[in-house]
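2 protein chains.
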Amino acid sequence: MQNFVFYNPTKLIFGKGTILRIGNEIKSLGISRILLLAGRKSIKQNDVYNQVVQSLEENKIFWVEHWGVRPNPVLSHTTKGVELIRENNLEGILAVGGGSVIDEAKCIAIGTFAPNLWDVFEKKTKITSALPIFSVLTLSGTCSEMDPYAVLTNEEENKKWSIGSPLLYPKVSIVDPSVQISLPWEQTVFGAIDALSHIMEFYFQSKGEEPTTSIDEALIHSIMNSVDRLLVAPEDYSARSTLAWSATLALNGISGAGLYGGDWACHSIEHSISAIHPEIAHGAGLAVVFPAWIKYVHSINESQFLRWAKKIFNANNVQDGIDALKRKYKSWGAPISLRELNIAREEIPIIAENVWKFTQISSIGSLKELSFDDVKRILELAF
Amino acid sequence: MQNFVFYNPTKLIFGKGTILRIGNEIKSLGISRILLLAGRKSIKQNDVYNQVVQSLEENKIFWVEHWGVRPNPVLSHTTKGVELIRENNLEGILAVGGGSVIDEAKCIAIGTFAPNLWDVFEKKTKITSALPIFSVLTLSGTCSEMDPYAVLTNEEENKKWSIGSPLLYPKVSIVDPSVQISLPWEQTVFGAIDALSHIMEFYFQSKGEEPTTSIDEALIHSIMNSVDRLLVAPEDYSARSTLAWSATLALNGISGAGLYGGDWACHSIEHSISAIHPEIAHGAGLAVVFPAWIKYVHSINESQFLRWAKKIFNANNVQDGIDALKRKYKSWGAPISLRELNIAREEIPIIAENVWKFTQISSIGSLKELSFDDVKRILELAF
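Protein sequence lines, in the order shown, are assigned to chains U and V. Under the working numbering, read the first sequence as residues 1 to 383, first letter to last. Under the working numbering, read the second sequence as residues 1 to 383, first letter to last.
Isolated chain U, as found in the complex (with noise of 0.2 Å):
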């Protein structure tokens, strides 16, 4: 096993009926004053902002709203975040909706003391501070509820790049699986294939490392079963519940600890397509890039492709369990070629130069470094 540290103070409340509690949670670290930041009017319809809006009045907390937050977050409407905290003196920020509102959080919270946001992305200067942020989850996948990552488009440079600190884990978040149950079915789905993909990442480069590997298993099975199960029921709590913390575990710290720390190349590419084509969500570009690059490193660390074949898929080669990943996303609606994400091959060069910026300040992968003719390979693959 690898050294590790595991650290994840963030406190999360889990379970039905549990915004209400969030208010009181914001007054108890002292905080009366917050941004309340929000993406599309859809916590309007499923009663999670009155919700929230009850417990902070309850609790006495004075809030500015900010909303139109993108599935892809983008630096703008982050900046103008920024100004909102310093025109009304607000003292943290509450998240309320998906993994993109809370990243943009993060990406405000750091905002507000550095003198230029973008630079902490190029790793020209560092983080040293941070507002407070809470969350109430609306759509689990990202594990942004309960993680130190926060992923940021750059609109004008079309750059799609991602920071992390220990002072971006959320304070206190909540999770009520319930209110996910009216969410369109393939923001469910790409929730998932994000999870899957988190887990994903870690468990390749593994070399069988347990308990992390075997806890990694029950992760993708748990959440590839959950998935099945609200295709046929999405009202069903057990598997909203079941999916919502696996997605949670998928990048808190549990499902890499001892391991290696990632590959990391899958969300570099997707990264890249979804800066391009900001309408593509985040999970479908990574059910896409994701069953190519299998292809394209397995032999790397074979017997790991092959554990893995074999406990998710009951298959006996990496080939066949790439063909049951491609099908199972496909039963659940997900796109599994570039094609059908309607992106044309002549598009590969540039989407294979936009990852290559990356390069800048991070190589691509880690159980194979990647090359620019790696990358457009693997973009051929997913065509």
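Please note that the accuracy of each hint is not assured.
Any copy, or any two copies together, can satisfy a pair, since identical chains are not distinguished.
No more than 25 Å apart at the CA atoms, straight line, and that leaves these computed lysine to any residue pairs for SDA-like [to be verified]:
1. Lys368 / Asp236
2. Lys310 / Leu20
3. Lys310 / Val297
4. Lys123 / Leu75
5. Lys311 / Arg229
6. Lys44 / Asn3
7. Lys311 / Glu87
8. Lys310 / Asn225
9. Lys368 / Asn3
10. Lys326 / Glu65
11. Lys124 / Ser76
12. Lys326 / Glu87
13. Lys16 / Ile350
14. Lys326 / Ala315
15. Lys207 / Tyr237
16. Lys27 / Asn3
17. Lys310 / Glu209
Because the hints were derived from the structure by calculation, they are not lab data.
Position chain V against the provided structure of chain U, taking the given hints into account.
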């Protein structure tokens, strides 16, 4: 899935060569004067003490040493620790040892502020404040390094009772599994049985909730497999580290998330055995009590006990599972009957009376709430 809160702010630093980081971790929190709490001299033989002292010196941390924590820590020794804290104006406690040492550190941490420490255990006064706690773990099993619980024996009243509070999470714990290679075999085994018992306390209440139920099975397999390997090769670092991290996960919040809070009857019964016989290790007592408890209660949640028998031992009924568990424990050299603990049949009512004292503050068992007669019958089965 049941509602739950996952909150565990302990920073766990895991792996080979990590002990030298403890001084800097303490200094980083602004602490410069600590109580160094330890048991017997084994930490001087395995180089742990030297590493700790070197790290404290390098970080200019003043310390006072308090040796002699017993395997079942006692109130009188704890009280002396509190006196040392007060006399020397110490700001925190560093436990260097196994779960007993960390448990006593937690008791000293709250004893410094409580007018009467035992009143806290009797639930006559509340825990309002605690000194910061740090640990360097030398024996995996209790999870005291990453949990909010402590067990203490009031030796005058023969009461071995437990407390819990979020204030009792260690700030930083270091787990270097390589230092456990030199442990006496029975300590490794009893630590592993304690960890297995923690998981089973949660697991047997499960109604099949995922992902936790499958994660628990992964942890049980990991622990059993590690001990089997260590029986042949005690120096196997892979097995040592798997056992150590699995034991931490067994009670740090992961193994019970979304389940029913744990049954804890076996722990209460065992605490009474070792309250009366302090020479009996906690893990040894649990090895004897748990199979008897399973036999006595399994029909209440038969499907889960059957799942356990099948998944862990590939057995087709619960009795075969119990027999397999006893064979496993026996193969490790653990006792599987009260007789082997040198307890006479006549003592059974005395132990049951001691268990019954605990009903002053809590019921015994949750899957099945035990009567006085139930406790006696379980002890008869364990005889």
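Here is what the structure says about each hint:
no., hint, in the structure
1, Lys368 / Asp236, "neither (40 Å within a copy, 29 Å between copies)"
2, Lys310 / Leu20, "neither (44 Å within a copy, 41 Å between copies)"
3, Lys310 / Val297, "within (18 Å within a copy, 36 Å between copies)"
4, Lys123 / Leu75, "within (16 Å within a copy, 53 Å between copies)"
5, Lys311 / Arg229, "both (20 Å within a copy, 23 Å between copies)"
6, Lys44 / Asn3, "between (45 Å within a copy, 24 Å between copies)"
7, Lys311 / Glu87, "neither (54 Å within a copy, 59 Å between copies)"
8, Lys310 / Asn225, "both (16 Å within a copy, 20 Å between copies)"
9, Lys368 / Asn3, "within (21 Å within a copy, 41 Å between copies)"
10, Lys326 / Glu65, "neither (41 Å within a copy, 61 Å between copies)"
11, Lys124 / Ser76, "within (19 Å within a copy, 56 Å between copies)"
12, Lys326 / Glu87, "neither (49 Å within a copy, 67 Å between copies)"
13, Lys16 / Ile350, "neither (45 Å within a copy, 44 Å between copies)"
14, Lys326 / Ala315, "within (13 Å within a copy, 35 Å between copies)"
15, Lys207 / Tyr237, "between (35 Å within a copy, 14 Å between copies)"
16, Lys27 / Asn3, "between (37 Å within a copy, 22 Å between copies)"
17, Lys310 / Glu209, "both (17 Å within a copy, 24 Å between copies)"
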